[in-house]
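Asker: Could you build all of it, start to finish, from the sequences and the hints given here?
For the protein sequence lines, the chains are A and B, in the order given. Quick note: the first sequence, position 125, residue 125 per this note's numbering, numbers continuous. Quick note: the second sequence, position 44, residue 44 per this note's numbering, numbers continuous.
Among these hints, one or two may not hold up.
Below are the DSBU-like pairs computed for lysine-lysine, each with C-alpha atoms no more than 30 Å apart in a straight line [as the list claims (entries may be wrong)]:
| id | chain 1 | residue 1 | chain 2 | residue 2 |
| --- | --- | --- | --- | --- |
| 1 | A | Lys91 | B | Lys23 |
| 2 | B | Lys91 | A | Lys23 |
| 3 | A | Lys140 | B | Lys91 |
| 4 | A | Lys36 | B | Lys23 |
| 5 | A | Lys91 | B | Lys40 |
Since the hints were derived computationally from the structure, they do not count as laboratory data.
2 protein chains.
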Amino acid sequence: MKLYNSAMPAPNPRRVRIFAAEKGIDLPLEEVSIPKREHKSDAFLQKNSLGQTPVLELDDGTTICESISICRYLEELNPENPLFGRNALEKAMIDMWLRRVEFIVMGPVGNFWRHAHPFTARVVKQFNDFGESNREAAAKAFNWLGGEIGSREFICGDSYSMADVAALCAVDFAGFTGLEMPEEAENLRGWHKRVSARPSAAA
Amino acid sequence: MKLYNSAMPAPNPRRVRIFAAEKGIDLPLEEVSIPKREHKSDAFLQKNSLGQTPVLELDDGTTICESISICRYLEELNPENPLFGRNALEKAMIDMWLRRVEFIVMGPVGNFWRHAHPFTARVVKQFNDFGESNREAAAKAFNWLGGEIGSREFICGDSYSMADVAALCAVDFAGFTGLEMPEEAENLRGWHKRVSARPSAAA
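Answerer: Right, here's the structure in full:
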């Protein structure tokens with residue numbers, strides 16, 4: 001198998017790279033350049049009709065799209081050191097937090113990037129007022145997440161999970177777009193420091 | 001356990017009701033009225049700080065938020081007739097389609113509802129031009145999904161899955177907001193007829 005990957009700052013391929021690093025999975029990468037628009041080439045659209053990275057290609061040519069779906073597949077094949085949970089309740093709570101990170105935190109970050117950033121203005125029609133409104137929505141989401149983390153070590157408690165992977169990628173991508181964690185979000189900043197110190201964060 | 005539910009047209013609680021009906025799970029419901037803003041009451045915010053339904057409350061008081069996470073939990077407890085897949089690849093493909101339904105199809109529908117519908121105008125600040133632009137995005141998403149379904153019986157192939165549940169709720173909620181499936185999306189219309197004919201669709 002191999003992973004069609006896009007380099008930083010793309011947040012979604014990074015989720016898979018961090019997951020693989022945490023699990024000790026050696027995943028061959030093939031770069032698909034977003035600045036060169038390779039993800040919209042006819043050849044790549046055959047692999048993912050949405051023209052998005054990452055894509056995992058299996059040896060028989062089957063392609064699995066969507067970063068989280070790829071990680072779930074790899075977790076099924078490599079069940080040791082689970083990042084999606086060990087039992088029904090843990091799995092549900094990690095999935096809940098993963099969704100909250102994606103919809104509540106990454107949602108406004110993505111909207112800001114899509115509708116207010118000069119890079120995307122070159123390739124899509126933007127609604128700038130809407131895009132700019134996501135500065136406040138993202139700050140609110142960061143503060144909410146920090147409040148929820150409270151004194152916990154990781155997002156779901158004592159164990160590092162897929163929710164931490166997604167949140168790290170969201171916060172770092174937000175920083176790249178110009179949306180920093182608010183000063184007052186101390187718990188979030190503490191969590192960010194802890195997860196960024198793991199070797200996997202460099203993946 | 002019991003499910004904090006909101007009546008139609010709310011799409012997310014309906015996902016859990018359809019899932020439970022398909023699995024034959026009897027789930028006691030307690031209504032949380034969105035028109036009455038009960039989902040934003042202090043009591044309900046204790047159960048879900050985001051003020052969203054559905055929420056599954058376990059007998060020990062633990063609350064699981066997020067429709068799909070609730071269904072995953074119920075699937076772990078009731079593994080027969082799986083709607084999230086039987087093996088690693090099936091699970092990955094169903095998860096991939098579920099995500100595509102949520103982000104690609106439900107994304108623009110939610111944006112339209114949030115930013116262009118008179119109901120939400122009463123409770124949130126709207127960016128109407130952005131909201132209206134999602135008419136076209138939703139139509140494009142419907143046509144894309146129909147093209148991907150092609151001659152398949154269900155979204156992931158021969159078996160009804162969680163991706164069909166989410167897509168049915170998305171299409172029906174879109175219709176409620178005023179976004180109909182395009183005339184030319186014949187495969188999507190055929191699929192919609194098939195899944196709507198299942199008894200679970202009335203849940």
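Asker: If a hint holds in the structure, say so; if it doesn't, say that too.
Answerer: Do the hints match the structure? See the list:
1. Annotation: proposed proximity of A/Lys91 to B/Lys23 holds, straight-line Cα distance about 19 Å (limit 30 Å).
2. Between B/Lys91 and A/Lys23 the alpha-carbon distance is near 19 Å, which keeps this suggested pair within the 30 Å criterion.
3. A threshold of 30 Å between alpha carbons decides the hint, and for A/Lys140 with B/Lys91 the separation of about 34 Å lies outside it, so the pair is violated.
4. With a C-alpha separation of about 47 Å, the suggested pairing of A/Lys36 with B/Lys23 is violated against the 30 Å cut-off.
5. Restraint check for A/Lys91 and B/Lys40: the C-alpha separation of about 27 Å stays at or below 30 Å, so the hint holds.
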